[in-house]
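Make the full structure from the sequences, and use the hints.
Protein chains in written order, with our numbering: chain A, 16 to 128; chain B, 16 to 128.
Honestly, the hints are just simulated from the structure, not real lab data.
We put the CB at the ideal spot given by N, CA and C, even for glycine.
Take these hints with a grain of salt, some might be off.
Far from chain A by the CB rule (all over 10 angstroms, computed), these chain B residues [as the list claims (entries may be wrong)]:
#1 Glu32
#2 Arg37
#3 Arg63
#4 Gly65
#5 Lys71
#6 Leu86
#7 Arg89
#8 Phe90
#9 Glu92
#10 Asp108
#11 Ser113
#12 Asp122
Simulated restraints on C-beta separations [what the hints assert, rightly or not]:
#13 B:Ser113 / A:Asp36: 47 to 57 angstroms
#14 B:Asp122 / A:Ile61: 25 to 35 angstroms
#15 B:Cys124 / A:Gly85: 16 to 26 angstroms
#16 A:Asn110 / B:Cys78: 38 to 48 angstroms
2 protein chains.
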Amino acid sequence: MFEKNLTIGYLLDFYGELLSDRRRELMSLYYNEDYSLAEIADEVGISRQGVRDAIKRGEEELCNLEEKLGLAARFAELQALSDRLEAILASPDANGISPALRETLADLCERLK
Amino acid sequence: MFEKNLTIGYLLDFYGELLSDRRRELMSLYYNEDYSLAEIADEVGISRQGVRDAIKRGEEELCNLEEKLGLAARFAELQALSDRLEAILASPDANGISPALRETLADLCERLK
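Spelled out as structure tokens, the structure:
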């Protein structure tokens, strides 16, 4: 139930600002800094179980937000398209496209990073 | 302080699911259906002032969400780029671009609608 995975880290980037400071801090240590539960417990001075519970509640909060809004999934799809676009732009397929188009596409890819 | 504007309607599309059902309903009548405060009051059986207060609180909630997350602004920028892209794709500038690129771009524009 408690695997680290890309999805929660991604949701944390997206919606983290809606969590309480404390909860965001604990989740960031776990998902972004790759601390173990025991290391976080040491760092912030609460029990390992306390850390575990807080992170679990944070996960539920993030999943609930995404279930309602679906914005992270929408962005992820756009980012996948942007990756394809960058690959095409770097290939011979992109020879001869106009400067206006190339500029717009580069701008789009940049904003989807 | 209480002008209808695109921004609140846009934020409502984005974050409306995080409002309570009641508040979202009142805001949707006001911003999407263009009801007046008096008409909404009639429709839902509360005072005009009650409607006004609820919508004001909803506006604050939406603005607060956007201030924290900034996702609506990010999408709006992408949509503006997508509009430019569609214009370019419909122009002679786009002659000769590869089918792979055209397909990826069409997909991207579609997802940004």
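Hints, verified against the model:
no., hint, result
1, Glu32, "violated, 4 angstroms"
2, Arg37, "holds, 16 angstroms"
3, Arg63, "holds, 30 angstroms"
4, Gly65, "holds, 26 angstroms"
5, Lys71, "holds, 21 angstroms"
6, Leu86, "violated, 5 angstroms"
7, Arg89, "violated, 7 angstroms"
8, Phe90, "violated, 8 angstroms"
9, Glu92, "violated, 6 angstroms"
10, Asp108, "violated, 4 angstroms"
11, Ser113, "violated, 4 angstroms"
12, Asp122, "violated, 6 angstroms"
13, B:Ser113 / A:Asp36: 47 to 57 angstroms, "holds, 49 angstroms"
14, B:Asp122 / A:Ile61: 25 to 35 angstroms, "violated, 47 angstroms"
15, B:Cys124 / A:Gly85: 16 to 26 angstroms, "holds, 19 angstroms"
16, A:Asn110 / B:Cys78: 38 to 48 angstroms, "holds, 46 angstroms"
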